[in-house]
Amino acid sequence: MRRLRIVVIVLAAAVLGLAWNAASGRGLALGKNAYVREGDEVIPVAEARARLDKGALFLDARPLAFYEMSHIPGALPLPEDDFDRAFAKIEPRLRSSLDVVVYCSGFGCEASHLVARKLKEKGVPAVVLADGWPAWTDAKYPIKEGPQP
Amino acid sequence: MRWLRHPILYWVVSIGLGAVFVYASLDKIAHPLDFARIVYRYRLAGPSAVLGVLPANLLAVVLPWLEALVGVLLITGFWRREAAAIAGALLVMFLLAVGYVLAQGIDVAHCGCFTVGGEGRSAGWTLIATDLGLLAAAAYVMLGWPSDPVPGRKPISAA
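Residue numbers (numbering that gives the first Met the number 0), protein chains in the order written: chain A, 0 to 148; chain B, 0 to 158.
Extracted from the complex, chain A is given alone in its bound form:
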């Protein structure tokens, strides 16, 4: 009896939650990444690789220590937690780049989306690498170790 009541409570919460999500007008799309907002452009890893080969500028939005361990070859560090200072250092390069791709630690990481939006505010269009660094390494694409791009 107690177990049945517990199941009823959990099911009732699920029904209420899903109904509210569908009807409230402020719900989230269940199959969509909550980090992605309207206006964000996200590209899959294979397209990112193709863009790298064509000379796209990659930006690493992770904390600097992660960049210095390893990063995508040619990428520049633009950590979200130190955006203003890092942006000032690489601004000329950013403004001369026609194709900018931002990535971070993937999955639970929002930094790449935040950096791409900040860049957009500053007039530098940038796309986000879907699932970030883990997607790149899982695809066995080349990486570079150390602090140099």
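There could be a bad hint or two in this list.
[Unchecked claim] A few chain B residues facing chain A, derived, Cβ under 8 Å: (1) A35; (2) R36; (3) R40; (4) A44; (5) V49; (6) V52; (7) A59; (8) L65; (9) V69; (10) V71; (11) I74; (12) E81; (13) A82; (14) C112; (15) F113.
[As the list claims (entries may be wrong)] Calculated from the model, a selection of chain A residues having no Cβ within reach of chain B, i.e. all distances over 10 Å: (16) R4; (17) I5; (18) G16; (19) R25; (20) A33; (21) D52; (22) E67; (23) M68; (24) R94; (25) D98; (26) R116; (27) K119; (28) V126; (29) A134; (30) E144; (31) Q147.
Simulated from the structure, these hints should not be mistaken for lab results. The C-beta atom is built at its ideal place from N, Cα and C for all residues, glycine as well.
With chain A held as given, fit chain B onto it using these hints.
For chain B alone, coordinates are given in the frame of chain A:
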């Protein structure tokens, strides 16, 4: 330890625990998208290559309502022990999640415990201590001490 069996204490703890759960649910219910972003940072239910975003989004949608429902049941006394059992299970889940991010060195920054915006509390040892206190309260309500015979006092029903 007879004071532990006092019906007034039992009700106060039950209502207090329920109020905490209702309060914890409100901001999450109002802002499910922001809560989903916090759920992602724990990296337990996804998003990941294997799980995708669905489990994390479902958790973000359902969990606040479960907290609200459990809170209301604890306050009203209807199915109180079952609600306390779920509250205990949720608190164990929260403790495991906080323990996981601490062990992994993941900086969650905002635990998503009571609010989803602003600064918020980080997932740390203070949060673990708070959750352990709430877990003790849930266990106390679930065990239903006042239903045991107390000389000179009428036991309250277990609903």
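When the structure is checked against the list of hints, which entries are broken? Sort them ascending.
Checked against the structure, the hints that fail are numbers 4, 5, 10, 11, 14, 15, 16, 17, 18, 19, 20, 29, while the rest are satisfied.
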